[in-house]
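Chains as they are written, first to last, in the working numbering: chain A, 153 to 295; chain B, 153 to 295; chain C, 153 to 295.
Since the hints were derived computationally from the structure, they do not count as laboratory data. Every residue gets a Cβ at the ideal spot worked out from N, C-alpha and C, and that includes glycine. Check each hint, because a few of them may be wrong.
To be verified - The calculated DSSO-like cross-link candidates involving lysine-lysine, where the alpha carbons are at most 27 Å apart (straight line), are: (1) B:Lys195 to C:Lys195; (2) B:Lys195 to A:Lys195; (3) A:Lys170 to C:Lys195.
Said to hold, decoys possible - Not close to chain A: a few residues of chain C, all C-beta gaps over 12 Å, as computed: (4) Glu166; (5) Arg173; (6) Thr206; (7) Gly217; (8) Glu237; (9) Ile241; (10) Gly265; (11) Gly270.
Said to hold, decoys possible - Part of the chain C face toward chain B, derived, beta carbon under 8 Å: (12) Gln176; (13) Gln183; (14) Lys195; (15) Glu215; (16) Lys225; (17) Gly255.
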Amino acid sequence: MSPGVRALSVYQAELRIKSERRVQVIDVTDQVREKVRESGVEKGIAHVYSRHTTAAVVVNEPESGLLRDIVNKLEELVPQGAGYEHDRIDNNADAHLRALLLGSSVTIPVSDGDLVLGTWQSVLFVELDGPRSRRLLVTVVGE
Amino acid sequence: MSPGVRALSVYQAELRIKSERRVQVIDVTDQVREKVRESGVEKGIAHVYSRHTTAAVVVNEPESGLLRDIVNKLEELVPQGAGYEHDRIDNNADAHLRALLLGSSVTIPVSDGDLVLGTWQSVLFVELDGPRSRRLLVTVVGE
Amino acid sequence: MSPGVRALSVYQAELRIKSERRVQVIDVTDQVREKVRESGVEKGIAHVYSRHTTAAVVVNEPESGLLRDIVNKLEELVPQGAGYEHDRIDNNADAHLRALLLGSSVTIPVSDGDLVLGTWQSVLFVELDGPRSRRLLVTVVGE
Chain A
153 MSPGVRALSV
163 YQAELRIKSE
173 RRVQVIDVTD
183 QVREKVRESG
193 VEKGIAHVYS
203 RHTTAAVVVN
213 EPESGLLRDI
223 VNKLEELVPQ
233 GAGYEHDRID
243 NNADAHLRAL
253 LLGSSVTIPV
263 SDGDLVLGTW
273 QSVLFVELDG
283 PRSRRLLVTV
293 VGE
Chain B
153 MSPGVRALSV
163 YQAELRIKSE
173 RRVQVIDVTD
183 QVREKVRESG
193 VEKGIAHVYS
203 RHTTAAVVVN
213 EPESGLLRDI
223 VNKLEELVPQ
233 GAGYEHDRID
243 NNADAHLRAL
253 LLGSSVTIPV
263 SDGDLVLGTW
273 QSVLFVELDG
283 PRSRRLLVTV
293 VGE
Chain C
153 MSPGVRALSV
163 YQAELRIKSE
173 RRVQVIDVTD
183 QVREKVRESG
193 VEKGIAHVYS
203 RHTTAAVVVN
213 EPESGLLRDI
223 VNKLEELVPQ
233 GAGYEHDRID
243 NNADAHLRAL
253 LLGSSVTIPV
263 SDGDLVLGTW
273 QSVLFVELDG
283 PRSRRLLVTV
293 VGE
C-alpha cells in the first residue's frame, strides 16, 4: 500500500437489545456510534440491520411525545388483531405489517470516524412484538 | 497485496423475475443467495434493487396467510382506482404509492459468504402492477 | 497496485436543496448523477441521505399528477394537526410520521460510472416541513 492510499475495510459487530413492552421505540444511537468507532472507518457507510420480521430500524427524533405518536399511528394504520390470516398461526400479523411499512434496516453515512446525524436525528430500534431479546447487526464499510 | 490483507471487491448481477398477477409477493431469497455465493464476498453487504417504480423489495416472512394480509393491507391503505391524478395517464397510481410505502431496495449484511437472515426472514420481491417481466440488480460489496 | 486490480474508493459530497412549500417533491436525479461522475466510481453503490427528521428520499416517477397523488395520500394517511403529542412542542408531528413511512435515504446501484435507474425512476427529495434549506449527503462506494 503506497503512502497516501488508505485501505478500505469491512467491520461487522452485533448489538443485543432487550425490549420491555409489546411496542417500544429504543434509541440505539450510542451503541451504533461505539461500533463505528471500533471499526476505525473514517469515511464510508454504516448499515444497521434487524435480524427480525417483527421489528424495524429507523432514523428520527426520540422526543417522548413523538414516540407516543409513532405508536398511536401504527395502531391506527395497522390495528392489532383486525382479522389477519397470519394471526391463525402466530398472533402478530400487525407486527409484520408495521415492520414492512417502517423497514428492517437503515444506512447512515460515516464521516470523520462518526455517524453523520443531523441535529434531531437518532438511530431508533422499533420493537413491534415484544418484550423480546433482539439482535442488530452493524456493518461498517469504508476507509 | 500482503498476506493477511484481503481485497475488497464489488460484484453486480441481474435477476429476472416473472410475475403472474397484478399484486404478488415472490420469494427471491435463493436467487439472491446464489449471487452472493458467486460474488466470492465473505463479509460485507448485499444490495437488492428493483429497477421499477411499481414494484418493491422487502425483507419479511413468506407465510401464505401473511402474504394475503400484505396484499389486503395495501389495498386498504392505497385502494386501486380511488380517483388518483396519475390514473389519467397510466392506470396504476396505486402501484406507485404502494411502492413508495414499501421501498424499492433492501440492503442485507453478508457474513461467512452468505446473506445474514434471521430465522423468519426472506427476501421478497413485491409486484404491484403485474403481470410483468422485472429486473432486480444485486450488488455485493465486501471482502 | 498491480495492473488489472482496480482500487475501491469512498467519495462523499453534499447537496444543498431549497424547498418552497410545506410539502414538496423535488427531483434531485441530475445533482446526484453529477456527484457519481465526480466520484470516478465505475461500479458500486450510491447512498443518498437526508440529514433531517422531517424530510425523505425516495426513488419513483416525477410525473406531475403522481406528485400530487403522493402529497394527497400523505395528508390522508397522516393528516396535519390531528392532535399529535409532538405538536405541543413543534407543530410538525405529521412531517416526522410521514418521513418514517417514506424513509430518510435510498441506495442506488452504480454501473458504468452512472446511477442505475429504470426508465421511470428518478431520485426524489420529499420536503415534509418546508420551506427550508436542506442538506443531502451522497456517499459513493465502489471501484
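Which of the listed hints are broken here?
-> Hints 3, 4, 6, 8, 9, 12 and 13 not satisfied by this model.
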